[in-house]
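Student: Residue-level listing of the chains:
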Amino acid sequence: MQFSYYPGCTLHSTGKEYGQSTTAVCTALGIELLELEDWNCCGASSAHSLNEELALTLPARNLAIAQAAGRDVAIPCAACFNRHRIVDYVLSHDAARRQEIEAVVGFQYTGRVRQRNLVDIFAHEVGAARLAAAVKRPLTGLKAVSYYGCLLVRPPEVTQFDDPEHPVLLDQLLVALGAEPQEWSFATECCGGSLTLNRAAVVKPLVANLIAMAQEAGAACIVTACPLCQVNLEARQGQANFPIFYFTELIGLALGLPEAKRWFAQHLVDPRPLLRRLAAV
Amino acid sequence: MATARIDPTFVRLVSQRSGQVIAGCYACQKCTVGCPTAPNMDYAPDKVLKLVQLGWKEAVLRSSSIWLCATCDVCGKRCPNNINIAAVMDALKQMAVEGGYSGRERNIPAFHRSFLGSIQGWGRIHEATMLVLYKLRSRDLLADLDLGVKLIVKGKIPLLPRRIKGLRTVRKLFRL
Amino acid sequence: MRKIGVFVCHCGTNIAGVVNVPQVVEEAGKLPDVAYAVDYKYLCSEPGQKLIREAIAEKGLDGVVIAACSPRMHESTFRSATEEAGLNPYQCEIANIREQCSWVHQHEKDKATEKAALIIRSMVEKTKRNEPLEPIGIPLTKRALVIGAGIAGIQAALDIANGGYEVVLVERLPSIGGHMAQLAETFPTLDCSQCILTPKTVETGKHKKIKLLTYSEIEEVKGYVGNFDVKIRRKASYVDWSKCTGCGLCQEKCPQKVTSDFEGRLGTRKAIYTLSPQAVPNKPVLDRDNCRYFQTGKCQICAKLCPVGAVDYTQQDTIVEEKVGAIVVATGYDLFPKAKIGEYGYGEYADVIDGLQFERLLSASGPTAGEVRRPSDGKVPKEVVFVQCVGSRDPEKGMPYCSKICCMYTAKHAMLYKHKVPDGQAYVFYMDIRAGGKGYEEFVTRAMEEDHVLYLRGRVSRIFQDGDKLIVWGADTLSGKQVEIAADMVVLATAIVPSAGAKDLAQKLRISTDEFGFFNEAHPKLRPVESLTQGIYLVGAGQAPRDIPEAVAQASGAASKVQALFSGEKLVQEPTIAVVDAEVCAGCGICVGACPYEARILNPLRHIAQVNEALCQGCGACVVACPNKASQLRGLSSVQMMAMIDTLV
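Chains as they are written, first to last, in the working numbering: chain A, 1428 to 1708; chain B, 23 to 198; chain C, 75 to 723.
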């Protein structure tokens, strides 16, 4: 199967492991990712904070490119996914604004191209069964909690992804990999997002709580699908030494991909001791 | 007498800007209780709406609340009156900047300006130059220095920026 | 020798868990006059009742004692079962061994068992001396009186009349419709009040079975359910209504203007007037106290101009006598006077008005033809403050209750004001929003979201005049701020109080009112439309604050009760009431004064006491008062009482 691919700015920088593991795992499972031609930054949280129109036209330009390519778009980053879905929602529900945006960006919205996040694609296009069948090294004994964060699930009418209060899709993927996702109540509680650079003091207690709750739930690590959450949870956890994975990394590990080692080496909090303990068992 | 006068026109302005029917808020505080950054705000989210309803423009546009909103959208998801408070916060951020209100959180709008500046410069974010610009703007040079070094060592901060081909079309989007 | 059957109920574990039932049955079976004793788990059930019926038939019982729960629960159940078995129901008695035994002695099982046996024995002693009794039939006049012709009174009258019975409808104002006739639009539909009211008022005026007596008041009420004698004072209107055609010329030409109560004292009427153009009946009355002729001897223009010569200055009040079987009280409400509220100006500020006054301003037929204008200078107000809970929920002012309708009509007022003055601003100070009816919450939300009415949660501490503005100092507790608004007009939602004269009427009817003057219902949950006096029913806001849909529903409910009352040929009264032993009665008359129901007289011919069987409630006060033991209760004579006491002591 083929998807247009929108990596987003961080997958080549602070979210490098996410980008590498995504492409490796998709290749291994026969998903062809064709990067969108000359895509631009979606604007993330800064655009909608300062300039409502820009917040819509930046992702709209990418939408126009995707439309031309004629395929659904796979978007690993939760924030980019959220911004593109919002534009899609506005274009499909608000005729007046659609006309404005079309005029500024210079295209005609058809609504035929869907923006999808990676968890959705793995859950629905690959499916748990096929994933489980491809597993060579089941992640037995890996107790984890799935952390979806905010932007994959809210606003629900925009993201249309899983249950916004009790999502399950990521957990289902972990089960398929042989891991042991634990029940916990903080799967969609905010990590503090982009406040991490300018108000780290606000973010630190939020991260500390998430890690404490993960530990209380019996988990040894947190699995996420958002590059900003992953950085926050690693960089702002103080001395907790609590590994934070991208779910694609775990898929790669379970599929037995050799390059997985290199991804883990780049983490700010080294997950390799945990993985070695599991391998030894 | 410590009474305050009411300006009932402000709520209509903000409602129009944000696309939310702020008059529908009946102060149940469900938003505030679900908000991750509310404890750090000077006015909790429900209070922000109340101040908007009463027209206390200065208090709202200078507040830290509007900038501390992380747009996590719990408020919008849970509000019984279908008000997306995060969208109201965005509108207030924009009105604060337009009105030249220097509030309590100068760093945050400075960060956003640096971020957008990076897009204007390259079409995509180049962390290295963006962060340097932000640090200069915020004069917060020393914070997270160790984190920055770690990230560079792990190869997560590309040194050279790349311009996208369609940069001119992107720059046109910044019309204002 | 009697053949009494004793049936002891387990009532699950309620009785059997404490009282040793088998032992009690055995002891009862040994009593003289007891032919049969048995126990059962739940006597009130179908199989339980069947057991009793069959035992009566098979054992030839002539008396039954049911040892079970309180007679208030199932006396009628067991008496019916007894009657079905062919035995007079008053030969069935209840021995309460639950509420008065097992439930109150749960930790003393032996003593409880002893007590239960004693209670049963005493009831056997009583039943031994029971006589068969028949219910008493009382004649009944199948006509109803409805006092008050607001929406509740009108609805009750129409329903009873449509049920085929004649109704006398009395109203003290010249025409019917009550406060609803003063309203502009009603919530939550914003229907024009007159438009939905006039079909009913017209129907009432034309109805063949409704005798409409307006400009009239109740003078005297005597009698009892089914047989009330009512005197009604028809006030002199100085117009012969049988001649008057309703042309309106007198009203048009009368030179004397009088401040109109109907217009909330914001407008005027003439000395000879009808309340409104749609008045039913459309006949004028002449207000003597403000009439130039009556006060100064001059004028007489109305008499001179009337084309049919209907004006008659010599008219006198008349008394009309009516006999009715049921009375429906529908006297409605008034608003607490703002003149009593010092912090809002003692009613001195012309532009501080109450809800009914604002209705008149909003009304197309009102003093300003439906334009919202300040009473002081006629200007259109741009800043209007509405204050809820004025006097209501205020123990300090003597009204701790909620007046129920103000949240809704204030939202309505604010909305209608905004519709008429779109560039005006409306503020509402509230404590809570009570919008429980169908469509009500959505209505109030509409005021907030669509009409941009600003709701401020808090009370108003003071209102005072400053130049041509009214300064309102209030609170907004949600922001924690005190706020000041310079208003052009203030509308107070003042508390609902019972209509003037309700207390006097209650005394005439011998029904009770609560501490606020609202009429007391027989039971707040299960008997909301009846008073404690048989035959007198309560509808509308005279019983408690309520809105129009509730008043209408209640009126129809009362009407159905009246029709049920009228459905039999006679009224049925329980026979277990007082009886006079004529041989023994000395005619002293002490019992007459002792009776709280005025149910006894001294027969003038025979000089002995006589019981009015319809009114007697069987309380026994006369039995205690009588020095000769001439007054007895049927089914509970002194001899029976002594036999029971002898058993127990």
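You may find that some hints are simply not true.
[What the hints assert, rightly or not] Straight-line Cα separation of at most 25 Å, DSS-like style, residue types lysine-lysine; simulated pairs:
no.	chain 1	residue 1	chain 2	residue 2
1	B	K187	A	K1443
2	B	K187	A	K1631
3	B	K172	A	K1631
4	C	K280	C	K309
5	C	K397	C	K456
6	C	K397	C	K635
7	C	K456	C	K555
8	C	K309	B	K79
9	C	K296	C	K317
10	B	K79	A	K1631
11	C	K453	C	K492
12	A	K1443	B	K52
13	C	K183	C	K104
14	B	K79	A	K1443
15	B	K176	A	K1688
16	B	K79	C	K555
17	A	K1443	B	K172
18	C	K202	C	K133
[Unchecked claim] Now the stretches of chain B that chain A is said to cover, found in silico as 3 or more residues with beta-carbon under 8 Å:
no.	stretch
19	29-37
20	64-78
21	143-153
[As the list claims (entries may be wrong)] Over 10 Å on every C-beta distance to chain A, these chain B residues come out as not near it, computed from the model:
no.	residue
22	G46
23	C94
24	P102
25	G121
26	L158
27	R161
28	A165
29	I186
These are calculated hints, taken from the structure and not from any lab test.
Cβ atoms here follow ideal geometry from the backbone N, Cα and C, with glycine treated the same way.
Student: Take the hints in turn and mark each one as holding or not.
Tutor: Hints versus structure:
A C-alpha spacing of about 23 Å is found between K187 (chain B) and K1443 (chain A), which places the hinted pair at or below 25 Å, so the restraint holds. Between K187 (chain B) and K1631 (chain A), the direct Cα distance comes to roughly 39 Å. Violation of the 25 Å bound is thereby established for this hinted pair. Proposed proximity of K172 (chain B) and K1631 (chain A) is supported: the alpha carbons are some 18 Å apart, at most 25 Å. Proposed proximity of K280 (chain C) and K309 (chain C) is supported: the alpha carbons are some 22 Å apart, at most 25 Å.
Distance check on the hinted pair: K397 (chain C) and K456 (chain C) sit about 56 Å apart at the alpha-carbon level, beyond 25 Å; violated. Note on K397 (chain C) and K635 (chain C): the hinted pairing holds, with a Cα-Cα distance of about 19 Å set against a maximum of 25 Å. This hinted pair checks out: K456 (chain C) and K555 (chain C) have alpha carbons roughly 23 Å apart, not beyond 25 Å. At roughly 63 Å between alpha-carbon atoms, K309 (chain C) and K79 (chain B) are farther apart than 25 Å, so this suggested pair is violated.
At roughly 33 Å between alpha-carbon atoms, K296 (chain C) and K317 (chain C) are farther apart than 25 Å, so this suggested pair is violated. The suggested pairing of K79 (chain B) with K1631 (chain A) is violated, with an alpha-carbon distance near 31 Å, which exceeds 25 Å. A threshold of 25 Å between alpha carbons decides the hint, and for K453 (chain C) with K492 (chain C) the separation of about 16 Å falls inside it, so the pair holds. Among the hinted pairs, K1443 (chain A) with K52 (chain B) is inconsistent with the structure: their alpha-carbon atoms are about 38 Å apart, more than 25 Å.
Under the criterion of a C-alpha separation no larger than 25 Å, the hint pairing K183 (chain C) with K104 (chain C) is consistent with the structure, at around 22 Å. Pair hint K79 (chain B) plus K1443 (chain A) does not hold up; C-alpha atoms about 43 Å apart against a cutoff of 25 Å. As the CA atoms of K176 (chain B) and K1688 (chain A) are separated by approximately 14 Å, the hinted pair is consistent with the 25 Å bound. Annotation: proposed proximity of K79 (chain B) to K555 (chain C) holds, straight-line Cα distance about 15 Å (limit 25 Å).
The suggested pairing of K1443 (chain A) with K172 (chain B) holds, with an alpha-carbon distance near 14 Å, which does not exceed 25 Å. Of the pairs offered as hints, the one joining K202 (chain C) and K133 (chain C) holds, with about 17 Å between alpha carbons and a cut-off of 25 Å not exceeded. Residues of the stretch 29-37 of chain B lying with their CB closer than 8 Å to a CB of chain A number 0, which falls below the three-residue condition for coverage. Proximity of the stretch 64-78 of chain B to chain A, defined as three or more residues with a beta carbon under 8 Å from a beta carbon of that chain, is not established by the 0 residues found.
Beta-carbon proximity to chain A at under 8 Å applies to 5 residues in the stretch 143-153 of chain B; the threshold of 3 is reached and the given coverage holds. Consistency note on G46 (chain B): stated as away from chain A, and its beta-carbon is indeed over 10 Å from all of that chain's, at 17 Å minimum. With a least beta-carbon separation of about 4 Å from chain A, C94 (chain B) fails to lie farther than 10 Å from that chain, contradicting its non-interface assignment. With a closest Cβ-Cβ approach of about 15 Å to chain A, P102 (chain B) is found to remain outside the 10 Å limit, as its non-interface label requires.
Against chain A, the non-interface label of G121 (chain B) holds: every CB pair exceeds 10 Å, the least being about 13 Å. Non-interface status of L158 (chain B) relative to chain A is upheld: no Cβ of that chain comes within 10 Å, the nearest being about 14 Å off. Against chain A, the non-interface label of R161 (chain B) holds: every CB pair exceeds 10 Å, the least being about 12 Å. Look at A165 (chain B): its CB is around 7 Å from the nearest CB on chain A, not clear of 10 Å, so calling it non-interface is violated.
At roughly 5 Å, the least C-beta separation between I186 (chain B) and chain A is not larger than 10 Å, which violates its mark as non-interface.
Of the numbered hints given earlier, the model fails hints 2, 5, 8, 9, 10, 12, 14, 19, 20, 23, 28 and 29; all others are met.
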